[in-house]
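Residue numbers (our numbering), protein chains in the order written: chain A, 1 to 322; chain B, 1001 to 1450.
Derived by calculation from the structure, the hints in this document are not laboratory data.
Quick caveat: nothing in here was measured; it's all calculated off a predicted structure.
Cβ atoms here follow ideal geometry from the backbone N, Cα and C, with glycine treated the same way.
There's no promise every hint is true.
Stated by the list, open to error - Quick list of in silico lysine to aspartate or glutamate cross-link-like pairs, EDC-like style, CA-CA up to 20 angstroms:
#1 B:Lys1335 <-> A:Asp97
#2 B:Lys1344 <-> A:Asp97
#3 A:Lys149 <-> B:Glu1010
#4 A:Lys322 <-> A:Asp36
#5 B:Lys1098 <-> B:Glu1214
#6 A:Lys149 <-> A:Glu136
#7 B:Lys1122 <-> B:Glu1087
#8 B:Lys1361 <-> A:Asp97
#9 B:Lys1325 <-> B:Glu1285
#10 A:Lys139 <-> A:Asp185
#11 B:Lys1195 <-> B:Glu1181
#12 A:Lys129 <-> A:Asp145
Claimed, not checked - Between beta-carbon pairs, the in silico distance windows are:
#13 A:Lys129 <-> B:His1336: 33 to 39 angstroms
#14 B:Arg1352 <-> A:Glu76: 25 to 31 angstroms
#15 A:Lys124 <-> B:Ser1278: 41 to 47 angstroms
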Amino acid sequence: MEDQVLLQVKDLHKWFELRKWGFIHIGFVRAVDGVDFDIHYGEAVTFVGESGCGKSTLARTILGLYQPTRGEILFEGKRLQRLGRWYRSQVGYIQQDPYGALPPFMNVRRILLEPMVINHWGSKAKREKRIREVLEEVKLTPVEDFIGKFPHMLSGGQQQRLVIARSIVLNPKLLVADEPVSMLDASVRVEILQLLEGVQKAHNLGVAYITHDLSTVRYFSERIFVMYAAKLVEKAPVQELIRNPLHPYTQALLDAIPDPDPENAHKFKEVPPGEPPSLLRPPLGCRFHPRCKHKIEGLCDKEVPKEFEPGPGHYVSCWLYK
Amino acid sequence: MRKVLPVLRELTRYKSALGGLIILSFIVGLAIYAVITIPYGEAVRLWRGGEEMWRYNPVNAKPVWVNYFTPQKLPKTLILTSMEDAEIREEPLGKTSKKVFITYTFDYQADVPPSELAIVYKPKFKKKGPLVSVTWTTPDGREIKFGRMSIKSVSGSGSFWYPISLDKQLIKQFGDQKVEEGFFNDPHDERKVLKGKHRVEITAYLFEPGAWIETELVIYGTVHGLAGTDHRRRDIMIALLWGTPVALSFGLAAALGTMITSIIIAALGAWFGGWADSLVQRLTEIRMVIPTLPILIMVGMFFSKSIWTILATLLILNIIESSIKSYRAIFLQEKHAPYIEAAKSYGARNLRIVFRYLIPKIVPMLVPAFVLAVPGYVFLEAALSVLGLGDPVLPTWGKLLSDAQGKGALFQGHYYWVLEPAFMLMLTGFGFTMIGHALDRIFNPKLREI
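Required output: the full structure, derived from the provided sequences and hints.
What follows is the structure in structure tokens.
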């Protein structure tokens, strides 16, 4: 079961058309531009990247909220476009802002009931039982205290627990968590991440965990995908990537993690110059080359790097490793 | 209901809302009372009724309670019938004829003379009607003889009205005094009523065997009922009572109809977008520069003044009103809320999102707006009536105002005629506004009092 592929993404593109005055075509924002990866049953995968690199668009495309411009997504070997509503019950979605993610006019019971009603899941009694089950699972106990409450009566951490409860209420096989803890207090982040890990282990869920914060990665994910300017530049198991980052961007990203060492006060950290490129007109060749200190003239700025596998299970898209 | 009760409980914390609730329940109670006691058909019949129906009411009488506020005592209408209030004496006259004396005595203690006097003759005869005459003895002993006439025909109801106040002989006799004043005022101080016992003797000659006569003496007061009467002797109370359900149902129907429809249109437009949305937007913009009242007046003049037509026109006009733009703006913002995205992610279809996720979000904002919109429509209906475009059959507050204005009520000092419907209108507006503002505070946390 472990090495069977749950979700396979092949050459996925999601471009948004930009228009002037509603009809004059200006160009495309290439939010996701040729992404390949797979997630196995019960495997947690982290997508790391800075703001605006296309992480959230990728999440929404995986969820089927956006139609891919090109490429395909296979869920259990079947194409997503053909799956329709059934697929909705197979993926859970955990959003960044827990308060915004909960309809303010519904109480806890109604919030959890909605997905089941919409997907015609179970009988009335079975639904009630399931509501109590998931509330206990996310530790919103005693259940009776919470079941009639409205989202604004809950704390941020409790709200996010409720969002998690809603995402698993239909027994999905895959969870997409888009920065689930970035809006929470530092004090409850760890709790929520541990809860998420517990849920993932208990149900053997595949998880696509999207974050810009590398410090939260080690909690439960097995592999890290590093995303830069709409492309995945490096894919590797967590320990391997942290110990041995290969792509210059990954190296810069890891360097940027603050390390509480007093000696650092006198050290100068090297930061890649410039800013991430515009996704409207990305640079030719490797998208990182304008900022890269190892740039190979005539290659990196001309040709898009292929994916190389310098170590087992460690993939990197960089000409340095050809 | 579970959601309504806490709101009601919270409402009672605000004194103004409590007042509003009391006013509103009074008005609603009045409306229910009106509909139950005077059925619709009866109300319409009474209000359109001709002279026959309201004959025993005085013209433009003030309400009875005016007596509590004036030092003068104003008289109520006195109806004396020969069967109950008179002494009857018969004298045979030859073989077939007889002479009948009908004598009324009554004590008059009011400070102003009556507004009118009349005698109703109800004779029974075959060919030759009775010959009647009246002798009126005032408290100071003056004897006035008048009204000698022979009754040749009677109306359908078998009665013959003799309006004493219009008797030419009496008018001549009393000179610059009115007829009533002539009977009731002190001859030595013409501004004062001579209080005391009056005696009115009607003498009737009956010329057929088996002929008979009944009479009624009507001394019209200057006060009548709780609301007074209008120029056609109609009891204003009927219009005041029936105006309540009409105003309430019109206001509620118009406010509810426009609000619900425009919200649904705004939500569907914001969610689906496309040409239909654009069309509604353009129509709204055109509508925003067209004034409402002239269109309603035109519909009323050329098409129909029925309250249903006016309501329908108003609905069509106000559905695509500027409020649709503000609703749409809220929906456009709400459309991208994370919880909507979440609903899509677990498979909610478009219509479910519109009706269960988009619209409920703004319902709290609408409740106060709705309550505050009701009196606007109530006033509009009254305004149309004042302009002469009210429903021709329904007795309403606006109709009263329209009649009062047409008859120059304020010039002639019939303040009650204008003030009563105006008071009802203001009371309605006041009740709804007080509740509306309290609801606004409850649903809009920024205004909430602690």
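Going down the list of hints, with the structure as the test:
1. B:Lys1335 <-> A:Asp97: holds, 16 angstroms
2. B:Lys1344 <-> A:Asp97: It holds: about 16 angstroms lies between the C-alpha atoms, which stays within 20 angstroms.
3. A:Lys149 <-> B:Glu1010: holds, 18 angstroms
4. A:Lys322 <-> A:Asp36: Answer holds: A:Lys322 to A:Asp36 is near 19 angstroms, not above 20 angstroms.
5. B:Lys1098 <-> B:Glu1214: holds, 14 angstroms
6. A:Lys149 <-> A:Glu136: holds, 15 angstroms
7. B:Lys1122 <-> B:Glu1087: Status holds; Cα separation ~16 angstroms.
8. B:Lys1361 <-> A:Asp97: With Cα atoms ~18 angstroms apart, B:Lys1361 and A:Asp97 stay inside 20 angstroms; holds.
9. B:Lys1325 <-> B:Glu1285: holds, 9 angstroms
10. A:Lys139 <-> A:Asp185: OK: A:Lys139 and A:Asp185 at ~18 angstroms, within 20 angstroms.
11. B:Lys1195 <-> B:Glu1181: Roughly 12 angstroms separates the two Cα atoms, so the pair holds.
12. A:Lys129 <-> A:Asp145: Holds, because 16 angstroms separates the two Cα atoms, which is no more than 20 angstroms.
13. A:Lys129 <-> B:His1336: 33 to 39 angstroms: The hinted range 33 to 39 angstroms holds for A:Lys129 and B:His1336, with Cβ atoms some 34 angstroms apart.
14. B:Arg1352 <-> A:Glu76: 25 to 31 angstroms: Check passed, 27 angstroms falls within 25 to 31 angstroms.
15. A:Lys124 <-> B:Ser1278: 41 to 47 angstroms: holds, 43 angstroms
Violation of the numbered hints given earlier is absent; every hint is satisfied by the structure.
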